[in-house]
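**Student:** Please arrange chain B on chain A, whose structure you already have, making use of the hints.
The primary structure of each chain is shown beneath.
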Amino acid sequence: MCALPTVGYMPSDALAVCLTAIHKRFGDLVAVGDLNLSIEPGETIALLGPNGAGKTTTINMMLGLVPPDGGTARLFGAPPAHAIETGRVGTVLQDAMFLPSATVREFVELARALYPKRSTLDEILTLAGLTNRSGARLDKLSGGEAKRARFAFALAGDPELLVLDEPTAAMDVAGRQAFWAAMHRLADRGRTVLFATHYLEEADDFADRVVVVAGGRIVADGPTAQIRALASGRTVTFDLAGETADGLSRLPGARSMEVRGDRVRIESTDADATVIALVRSGRAFADLEISSEGLEAAFLALTAADTPTPREPEPLLAAARPEH
Amino acid sequence: MWAYLKFELRRMLREPGILVFTVLMPVASYVVFTGFGDPTSQAEGIPVEATIMIGIGGYGAIIGVLSLGGSVAVERTQGWLRQLRVTPLRPRAVVAVKAFTSTLIAIPSIVSVGIAGAIEHHIHLPVSHWLLILGVMWLGTVPFALLGLALGYALSPKVASTASFVLFFSLSVLGGLLVPTVAFPSGLQHLARTLPSNRYAELGWRAVAGHAPTGTGLLVLGVWGLLFAVLAAFAYRRSAATR
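Residue numbers (the working numbering), protein chains in the order written: chain A, 4 to 327; chain B, 41 to 283.
In isolation and in its complexed conformation, chain A is listed as follows:
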C-alpha cells in the first residue's frame, strides 16, 4: 500500500504515516491484526477505541518501539527509526513517566538540544501552558502538569508529526482545554497530529478524521461527522408479534439486525426513520423500545458487523470488554 500513490499523483513518500498489514501477537492475544493506515501530512487524526483495542501497540509499532510480527511501518516514506533520528517526530507516550531531580526548563532544554530544528523555550512553555512552572522540579508537578511537561518535550523540536498516546489522561478540565487549544495552533501550522483516545468527544472536537480501532483492527475510518453518526446510533427493539422478520433489515437506517426468539433488535443510525418506516409498513409489532447504548456498544457493533464469523471464542470477547 505504501508503494502506491494514494491521492492522484502524490508520491508515496509524502505520506506522514503508512502502516501496511502490520500485526502483533502477545502470546495468544492478537493485539493488532493486519492493520492498514495511511495519513497525509497536515491531517489531524484520532485513533479512537476502548482500552485494550490495540491503539498503544499500533503507535509503538508505528514508532519502531515494538517490532511488528509482520507488515511494515513507514514514516515519511522511511523506516520509523530514520524519521525519528532526523527529528521529524515528537511523541508523548502513555507511560506514567516521572523524572526526579530535573526542572521543567532543563527538561525542555534537553529536548531542544536533541532536535535539529527547534522552537524557542518561551514559545514551547507558552504552548504547553507551563510558563510560570519552568523552575519547578518534574517530580513536584501535578499529574496534569507532568503530562503537559511531556507535551512540551514532544513539541520542542518543532516536529512535523506529533504522536500522542492518550495525551489528556490525568489532566483536569482546564488542562484539557488549554491542551486542545495548543493542538489547534499546531494543526493550523500544518503539523500532522495523531492522537489516541477513548473519548469520542475529544476525537469529535479536534480531529478531522477518526479511525476507530477495536480488537486490534480498524472497524471504521472516516471524517469525524460520519463516525459520530455511527457512534450515536440507536437500538430499536420490538416483538415480531407473530409475523416474520423478512425485510426488516432493509428498513431505513438499519445497520444490523438480530433475531432472538420472537424479539428483533435493529442497530440503527437513524432511529426516527427506522421507526417511522416500521409503523408505515403496516406490519404487526409489539413492545417497541428505542435505546442508546453509547460508544462502547457502537464499537462492539462495528466490530461484530465487520466480521461475519467470530474470530475469538465468546468468553474471551466478554473478558476483553472494558469495565465501566
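The hints are simulated quantities; they were obtained by calculation from the structure and are not laboratory data.
We put the beta carbon where it would ideally sit given N, CA and C, even for glycine.
Be aware that a few hints might be false.
[To be verified] Stretch by stretch, here's where chain B covers chain A in the computed footprint (C-beta under 8 Å, at least three residues):
no.: 1; region: 105-112
no.: 2; region: 117-129
[What the hints assert, rightly or not] Think about it this way: if two alpha-carbon atoms lie no more than 25 Å apart in a straight line, the pair counts; the simulated SDA-like pairs of lysine to any residue are:
no.: 3; chain 1: B; residue 1: K46; chain 2: A; residue 2: T106
no.: 4; chain 1: B; residue 1: K46; chain 2: A; residue 2: R108
no.: 5; chain 1: B; residue 1: K46; chain 2: B; residue 2: P56
no.: 6; chain 1: A; residue 1: K143; chain 2: B; residue 2: K46
no.: 7; chain 1: A; residue 1: K120; chain 2: B; residue 2: P128
no.: 8; chain 1: A; residue 1: K143; chain 2: A; residue 2: A185
no.: 9; chain 1: A; residue 1: K143; chain 2: B; residue 2: E115
no.: 10; chain 1: A; residue 1: K120; chain 2: B; residue 2: L45
no.: 11; chain 1: A; residue 1: K143; chain 2: B; residue 2: Q123
no.: 12; chain 1: B; residue 1: K46; chain 2: A; residue 2: E112
no.: 13; chain 1: A; residue 1: K143; chain 2: B; residue 2: L271
no.: 14; chain 1: A; residue 1: K143; chain 2: B; residue 2: R51
no.: 15; chain 1: B; residue 1: K46; chain 2: A; residue 2: G138
no.: 16; chain 1: B; residue 1: K46; chain 2: A; residue 2: S137
no.: 17; chain 1: A; residue 1: K120; chain 2: B; residue 2: L124
no.: 18; chain 1: A; residue 1: K143; chain 2: B; residue 2: R54
no.: 19; chain 1: A; residue 1: K120; chain 2: B; residue 2: P56
no.: 20; chain 1: A; residue 1: K120; chain 2: B; residue 2: R125
**Tutor:** Frame of chain A; chain B shown alone:
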C-alpha cells in the same frame, strides 16, 4: 549527546544521597579497620594501611558504580528510556552516557579514602602516584559500570538493587578488598586472582608504588569487561524489544 550528558550530570549532582555509601561508609570502615593491628606488616607488596586504603576506596567505588548503573532499571520501567528512544538521540549514546556518568561516582570514594589514609596513617606518596591511583581506579570501574547497566536493563528495579548489593559484597570480600588476600587459604587466593574486583584493586596497589598495571591483570579485567558488555548489550536489546 553533550546536552544529555550535561542533563545527567546535573541530575547526579542533585542526588547526593549516594555519597553515604560511597564516601561516608568507606571512610568510616577504613578508620575502624586500620585503627589497630601491626603497622609494619605488608600486603600486596605495600604497607597494609595502603593496601586497605586502596581496597576500601575501591569497594566504595564499586558500590557507587554498580548501583548507579543498576538505577537504569527505574528509568527503564518508568518509560524515560522509551521517551529518549523517540528523540533523535541514538540509543548507543544513551548507554555510553549512562556508563560514563556512573563511573564518575568512583572518584569521591577514592579521593576521600585516600585523604583518610594520608591523615590517619601518614601515607605520603609522590603526587604523580596519587594521580596514577586516581586515574587507574577511575578507568578500572568501566567493567563494573557495564555490569550495573546489564543488571539495570535485565531486571526490575527491586531485583536489580538486590542483585547489585549481593554482587558488590561478594566481589569485595572474595576479591580481597576488605581483608587482604594474604589472610586467605590458598584456594581462595587463586579464586581471588580471577575476579574483576581483585584485579581492579591491583591497579591501585601497583600504582601506590608507581608501577604500571600487569598484563595479566589487564587481561582478566578486559575479559570480564567484555563479558559484561555483551550481557549489557543483550539485556538492552531484550528490554527494547518487549511490549
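**Student:** Each hint: holds or not?
**Tutor:** Taking the hints in turn, this is what the structure says about them:
1. 105-112: Coverage by chain B holds for the region 105-112 of chain A (3 residues, Cβ < 8 Å).
2. 117-129: Holds: 3 residues of the region 117-129 of chain A have a Cβ under 8 Å from chain B.
3. B/K46 <-> A/T106: Within the cut-off at roughly 13 Å; holds.
4. B/K46 <-> A/R108: 14 Å, holds
5. B/K46 <-> B/P56: 17 Å, holds
6. A/K143 <-> B/K46: OK: A/K143 and B/K46 at ~21 Å, within 25 Å.
7. A/K120 <-> B/P128: 11 Å, holds
8. A/K143 <-> A/A185: Roughly 23 Å between the alpha carbons, so the hint for A/K143 and A/A185 holds.
9. A/K143 <-> B/E115: 17 Å, holds
10. A/K120 <-> B/L45: 20 Å, holds
11. A/K143 <-> B/Q123: 20 Å, holds
12. B/K46 <-> A/E112: Status holds; Cα separation ~11 Å.
13. A/K143 <-> B/L271: Not OK: A/K143 and B/L271 at ~36 Å, beyond 25 Å, violated.
14. A/K143 <-> B/R51: 15 Å, holds
15. B/K46 <-> A/G138: Measuring from Cα to Cα gives roughly 17 Å; hence the hint holds.
16. B/K46 <-> A/S137: Answer holds: B/K46 to A/S137 is near 18 Å, not above 25 Å.
17. A/K120 <-> B/L124: 17 Å, holds
18. A/K143 <-> B/R54: This hinted pair holds, its Cα atoms lying about 14 Å apart.
19. A/K120 <-> B/P56: 35 Å, violated
20. A/K120 <-> B/R125: 18 Å, holds
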